[in-house]
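4 protein chains.
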Amino acid sequence: MSNMKALVFIEKDRIELEDKPIPDVGPNDALIRVTTTTICGTDVHILKGEYPVATGLTIGHEPVGIIEKLGSEVTGFEEGQRVIAGAISPSGYSNACLCGQWSQDGQDNKHGFKPAGGWRFGNTIDGAQAEYLRVPDARANLSPVPDGLTDEQVLMCPDIMSTGFAGAERANIQIGDTVVIFAQGPIGLCATAGAKLKGATTIIAVDSVPERLAIARQMGADHVIDFSRVDPVTEVMKITDGRGVDVAIEALGRQETFEACLRCLRPGGTLSSLGVYSGDITIPLDAFTAGLGDNRIITSLCPGGKERMRRLMEVISSSRLNLEALVTHRYKLDDIVSAYDLFSHQRDGVLKVAITP
Amino acid sequence: MSNMKALVFIEKDRIELEDKPIPDVGPNDALIRVTTTTICGTDVHILKGEYPVATGLTIGHEPVGIIEKLGSEVTGFEEGQRVIAGAISPSGYSNACLCGQWSQDGQDNKHGFKPAGGWRFGNTIDGAQAEYLRVPDARANLSPVPDGLTDEQVLMCPDIMSTGFAGAERANIQIGDTVVIFAQGPIGLCATAGAKLKGATTIIAVDSVPERLAIARQMGADHVIDFSRVDPVTEVMKITDGRGVDVAIEALGRQETFEACLRCLRPGGTLSSLGVYSGDITIPLDAFTAGLGDNRIITSLCPGGKERMRRLMEVISSSRLNLEALVTHRYKLDDIVSAYDLFSHQRDGVLKVAITP
Amino acid sequence: MSNMKALVFIEKDRIELEDKPIPDVGPNDALIRVTTTTICGTDVHILKGEYPVATGLTIGHEPVGIIEKLGSEVTGFEEGQRVIAGAISPSGYSNACLCGQWSQDGQDNKHGFKPAGGWRFGNTIDGAQAEYLRVPDARANLSPVPDGLTDEQVLMCPDIMSTGFAGAERANIQIGDTVVIFAQGPIGLCATAGAKLKGATTIIAVDSVPERLAIARQMGADHVIDFSRVDPVTEVMKITDGRGVDVAIEALGRQETFEACLRCLRPGGTLSSLGVYSGDITIPLDAFTAGLGDNRIITSLCPGGKERMRRLMEVISSSRLNLEALVTHRYKLDDIVSAYDLFSHQRDGVLKVAITP
Amino acid sequence: MSNMKALVFIEKDRIELEDKPIPDVGPNDALIRVTTTTICGTDVHILKGEYPVATGLTIGHEPVGIIEKLGSEVTGFEEGQRVIAGAISPSGYSNACLCGQWSQDGQDNKHGFKPAGGWRFGNTIDGAQAEYLRVPDARANLSPVPDGLTDEQVLMCPDIMSTGFAGAERANIQIGDTVVIFAQGPIGLCATAGAKLKGATTIIAVDSVPERLAIARQMGADHVIDFSRVDPVTEVMKITDGRGVDVAIEALGRQETFEACLRCLRPGGTLSSLGVYSGDITIPLDAFTAGLGDNRIITSLCPGGKERMRRLMEVISSSRLNLEALVTHRYKLDDIVSAYDLFSHQRDGVLKVAITP
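Residue numbers (the numbering used here), protein chains in the order written: chain A, 1 to 357; chain B, 1 to 357; chain C, 1 to 357; chain D, 1 to 357.
Just so you know, the hints here were simulated from the structure itself, not pulled from any lab data.
Be aware that a few hints might be false.
No copy is singled out in the list; a pair is fine if it fits within one copy or between any two copies.
Said to hold, decoys possible - Under the rule of at most 25 Å between Cα atoms (straight-line distance), these lysine-lysine pairs were calculated in the DSS-like manner:
1. Lys-110 with Lys-332
2. Lys-69 with Lys-48
3. Lys-110 with Lys-69
4. Lys-110 with Lys-238
5. Lys-48 with Lys-110
6. Lys-332 with Lys-238
Everything numeric in this text was worked out from a predicted model, so none of it was measured.
The task is simple: from the sequences and hints, build the whole structure.
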């Protein structure tokens, strides 16, 4: 085959659209022709050199596309099928996978565990911001898009929606729970939607951007708090009449929001953390009841794999949730560097950018 | 009735054995004549003024005794029965209790939740280091001691054993797990025993006191690490061939041990915290995989209530575990101030002190 | 006090409205003046002599009312407050309660467990179809009705809604699950609503009454099946493209529906049973994969207690669900015998009957 | 390559040792030279025609052996390594696997679920009673045997031990539970051992063969019941003083034992079924509390995969359990037909037979 265009990490603060050979497929791989992809906050961390990847790596981990070629061992799919693959692409065969921790997959590790090892696209192998993408362990990771759903309708499934929902799911939200979600970026908005889907009956969304708070209400928030105008912990305590929340979801990755989450919890409550942190975190003694509070702090990396993708697309196709409002801008792959510029500076009310090769 | 002796908190660094009226019983109470009790590390915190209680409060929360009197509504028990009551004495009727969080019981709270509110003896009401103890909500809290078990055999059930086991239980230890327990005081030793009972197959105990490490082996430790001679995290990684542990139990309440626990975890592992902290805790970014590790940090307060006590005594009576080695010293109630002196200075290899009124 | 009217079980097929003394309250009781109550399918079983209760017992277990009098130990409530109490009224203090199985509460049992022992109203003590109701263990069972909710809005909380939701909750329905619910009487309809609230994305409701199937759609059913016209198992397999359902909820209590549930399950699926059976149940070998299917069959009795009631009323007040459509008929307590006649013969499209003393 | 000997199913009641070609390996396969294997009760069902398999299939599903050849994609292993593979050999990549139900793996199914589909060896592909065995999806299924463990020490891991333990694990046995296990064949004995490892404190084993009851005591039974001399349900109620058991494990697959399990349960108890049934099962109304008992009936198929095998071998190597007593007889592969004769007639106190090619 010939060449394709791919967005490549060069060095800190420098990414470039380059020509690269279209990848070959091994026996367990699939090649997909990317039809739509998007940019994630994590990609911006990579661009800024805050999260290290190899020079020359194609970045991006949120693919929608068409199967172009299947490896010799990949049964159950057909070339020409429209599919997505999760941002996390577990092998299925590592020890981590075989005990249910697919995102900590150590495919090539002695022990079968690797921190965040299920995240391969745009991290340890070439990613999705390109014309073509090689999907490893394709039988575990290709998930056909139901007829009638557009690329943009399923574009959030590979990462944003899976991550946001995990914040609600791993906190084990029960019917009748009160939940606060700190930060209403794309992941926080999906956590808000996930809390609603799990049966929370008082959902409080915190942000400072009016547009985001407005979408939070669409996603299921019963109350919104603009933290630039009021102290969110005080406000949560007012809303809950002093009781605190059953679950607090952290969707930013900062000390202030982590700490505010802890301070909002009722005794015995759960802090569900989705943020990618860039510094140490402090747990204040008082907010922690000195360790006597029967609390849980849970971190979650985006769940992947084809069954997860199937279920998320079912949420869309059953009209339980509509995430199209999150796609605020559209760019051609040729213009992806401009899209990064917009997205990384959070200009023009951007939430997510659809990129079409 | 007349008076009784009781150990009373006067002010920081001052406790005294005083005469106090024997308590009356309300309709839901029981009065027990204490036959054996003990001193807990938390009591030492109280003595040192690090954990505030009211002046004049009788301290202690680990009673074995004989039912002296039952309130009018307390059925199912008989005067003269030998019983224990848990350190945590849940009401059973609060919102916290009714959703399974008995230790965060807000009996008298608007919302029914209160941080560590199930802990009443020697905290918010008079405690067990006295000749008599009033047990509130007696139907939820009195647990008959099986014939054939001595006071000392069940003396650890109300707190130490219940707390230590909770560290293993709430971490959801599975058959075949590898577990490290930091600190082998009485609670850490019981966490070690709990890990064994839950099916962990590689159990690593960390302390610096040779006698404690020797008892740790009796409790089920397969490996012991003297942290004064080697770096425990390095050693855990050696023992696990670089894999890390599934569960790390913190049984001290310090930054070093909390952090060491995090650093010992395999990707996706669980930190189960039993320590009572006296300062803020820092979660180092690297030990936390930046929040992407699918980790859980769980804190547990001692579970109480009569069903818990029944089960723990079953562990003893079925010979699954023998905790008599933990009782290293014996004192009369009259000499309890000396017992505190020994215990608080950790002299003479003391683990737990049996106090008999 | 003087007398009150109460519906009393006399003998098989005979119930009568009688004069009875208004109950006294003990220290832990409350007396509530019933403002609205309703008739349950179980009450009809009692009337028909299929479920034995003592002659002279007041029946009914779904109270909404006003606190008339509080026992000396009952704090946290005020006379004049509007409250509900669950059909199941756990003590909170039995061994069953203290290990989280509140509905199997053996308040007065040696071991603290009793089959369905949490169900007291209209079963082992006088019930709610009367002018006044004594609520035992009132601190565990009284739940204030939020301002702004009418009696009829919360009338389903004590039993129907709690039971129906339990079918979805105890099956551990996950986001993206496919669920079938057999029978769309009041409990089945609430199970349908519960499946929706838990995040199921394909919900299939089975019944033969068009009105019920229409309400099922309002409750969240994506598909409805009229079993009088098509074979429901075949139809479920069509809808799921041969895959089967993750969870099947049985809400009738018959062999046909139990068996159909099993036959609808995907490998590894869960049967959640809410029905009250009146005969042996057969598990067909083939529908059971000879025991190799990793299946779960779970039965659930209505969860009770004030925290449960609080959460269910939150579902109503947060507008997550509106159950007013279930109240199809209204009667005065004086006419309750006629109401039984209508309800037991399922005339006039009756779902639930509101009874006002 | 040339030929090998393999035990082949010919027709009902007829198995024969035949010459067959040594299998080729595909990219994801491994070929192992079997050094020890054994016969399972399920194999006897196959021999008797009670469980249908294809004519010509090699039977057996419990391999210990040496890696002879690895497929091109199989990394992380070396030829010459000593390994086991589970009786259930999940692919890791099906929808069932990707939601944690590895034993219901539909590798080649449209939906990714198949009843008992993880069981391939000696069921849908050639099995282990042969000189060589092809292991599909080898990266998910090969598990290296720790140095120092003999073939016979790990021979129970692939099936018997994994299945028996699952009975205890999936019932979620807690510290202090009372558990009865009906039938003390190899699987029941392992369920007894599993109950002990999970922390049960009263373990009751039921059988009629004195030798089995004697081994049951070694495995952890506190009480044994000879059902040929006393009624086991009556006896369990005596031992538990009328309370019943928290968990009853069925390890035979018959109506009598299934029903006896139900009748032994305390209210809210769990029946964990391991038996392979050969007829319909009846749930008696009274033993089921008419569906109101908050009971769970759970069936479990043997868990497989390399992580499971690793953990089970850890149980052996940590000396938590010694299953060598289960190997009562030893045969050469050449004599396997005689071994079947002995085993299927349960002659000479046979429990398990080691077969060495």
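Now the hints, each set against the structure:
In this homomeric assembly, Lys-110 and Lys-332 never come within 25 Å of each other (Cα to Cα): the closest approach is 41 Å inside a single copy and 35 Å across copies. In this assembly of identical chains, Lys-69 and Lys-48 lie within 25 Å of each other by CA distance neither inside one copy nor across copies; the values are 34 Å within and 46 Å between. Proximity of Lys-110 to Lys-69 under the C-alpha cut-off of 25 Å is restricted to the inter-copy arrangement: shortest distance 20 Å between copies versus 31 Å within a copy. In this assembly of identical chains, Lys-110 and Lys-238 lie within 25 Å of each other by CA distance solely across copies; the values are 14 Å between and 51 Å within a copy.
In the homo-oligomer, the alpha carbons of Lys-48 and Lys-110 never lie at most 25 Å apart, since the shortest distance is 32 Å inside one protomer and 43 Å across protomers. When the C-alpha separation of Lys-332 and Lys-238 is checked against a cutoff of 25 Å, the pair qualifies neither within a copy, at 46 Å, nor between copies, at 41 Å.
Hints 1, 2, 5, 6, counting from the list given before, are not met by this structure.
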